[in-house]
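Q: Those sequence lines, one after another, are chains B and U.
To convert, note that position 112 of the first sequence is 109 in our numbering; the numbers rise steadily by one, no gaps.
To convert, note that position 12 of the second sequence is 49 in our numbering; the numbers rise steadily by one, no gaps.
These are computed hints drawn from the structure, not numbers from a lab.
Some hints here could point you the wrong way.
Lysine to aspartate or glutamate pairs mimicking EDC-like chemistry, simulated, CA-CA at most 20 Å apart [stated by the list, open to error]:
#: 1; chain 1: B; residue 1: K117; chain 2: U; residue 2: E106
#: 2; chain 1: B; residue 1: K57; chain 2: U; residue 2: E48
#: 3; chain 1: B; residue 1: K62; chain 2: U; residue 2: E48
Stretches of chain U that chain B covers, calculated by requiring three or more beta carbons in the stretch to come under 8 Å of a beta carbon on chain B [claimed, not checked]:
#: 4; region: 70 to 76
#: 5; region: 197 to 207
Where a beta carbon is used, it is the ideal one built from N, C-alpha and C, also for glycine.
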Amino acid sequence: MNVKKQFWEGLITQNPVLVQLLGMCPMLAITTSMFNGIGMGLAVLVILTCCNVVISLLRKVIPNKVRIACYVVVIATFVTIVDLVIKAYVPALSSSLGLFIPLIVVNCIILGRAEGFAAKNSVPAAALDGIFQGIGNMVALIIMSVIRELLGAGTFGGGVFGPEGFGFGTAAGFQVIPANFAALGMILPVGGFLTLGFIIAGFQYILNKPKKKEVAKG
Amino acid sequence: MSEKVTATKKEPGMAMLIIVLTVISIVMALCLGFVNNATAPAIALNAQKSKEAAMQVVLPHEGTYDLVEYTGTDTAVAGVYQAGDEGYVVETVPTSGFSGAIVMLTGISADGAVTGIAVITHAETSGLGSKAKTDSDWQAQFVGTTEPVSVTKDGGTIESITGSTITSRAICDGVNSARAALAEIG
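Model the full structure from these sequences, guided by the hints.
A: Now the structure itself:
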């Protein structure tokens, strides 16, 4: 078990979104305000960690032939639990993320980490993997939503804080760019694809930069 | 790597597969039942709150909205609420939408004019039919109407949402159901 290695993998070198390209659907669909980014990131973080722990616990019990079915049952359970809890205690997040919370069931980050990591590693390692991969996913979601919100609506911190202070789900955010100059397209799906493309390209550039001389093939 | 795991493990029989999957499913179902039980009251309270907030929008009224018994046959009418002397709010669920039922509120004043509409839940296409919920300019067309409404394509006065005539018709149906229900109640 190598905590430091797992941490850097989750956050940077094996970032679930920017390097492994998992979980693209919520990444593109909900990253329109900082509130959504943080909410989705936290939901995935909690679900991923719980699923990793349970699947790692059961890794010797689950027969290989029905493993995917077992994983999906476990994942669906945790997603539904989180969905119910959000609906009950954070209704603002529930109405803003809507269908995308139940859709975490088919988010390939969760199944990918279950199959690729939790099923082969000890419980503490799987828990750490869930936390770090979840943080990596959340950071990517927040970066993306801050950029899209800034360019698309001209605000910063929508739904989290604003001139009136903190207000989860209600704060309007700081108007950085006058609303007239904001490009609505950045909030629409096309802006999602554009932003994601630029973020991934920039990320790959930074990741590969030091190795530039040794990697001749590119 | 998964092949390695398989090779070292003895392949379990069919019965084992079924037992493991069943046990996991039962345990998970129990967890879900427990969480559902714990959160159901809070969720119902939230739904109630958002409904009351929507009622204030369609027919502003200080005080309570009292449920009135509706004995008519229109299955689209889900509830009629009296807002003092100011009028009624009718909850209707037109099923003629593009996908699934639309739950909506129509406020009708004591003199029979529509005071406002609000869509609570729907499954219409995001960005097209969903405008019925979010576009307050479009909803404003219904305000003040005293006769049954229909979209311009059907010879009515309601300008339908671009690309969402079916949704627009469903909203008209909901408003008309609400008006008819009040006529029956009197």
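Q: All hints, please: hold or fail.
A: Each hint tested on the structure:
1. B/K117 with U/E106: The given pair, whose Cα atoms are some 60 Å apart, is violated under the 20 Å limit.
2. B/K57 with U/E48: holds, 12 Å
3. B/K62 with U/E48: With a Cα-Cα distance of about 9 Å, the restraint between B/K62 and U/E48 holds, given a limit of 20 Å.
4. 70 to 76: holds (count 3)
5. 197 to 207: Our answer is that it is violated, as 0 residues pass the Cβ test (under 8 Å) against chain B, missing three.
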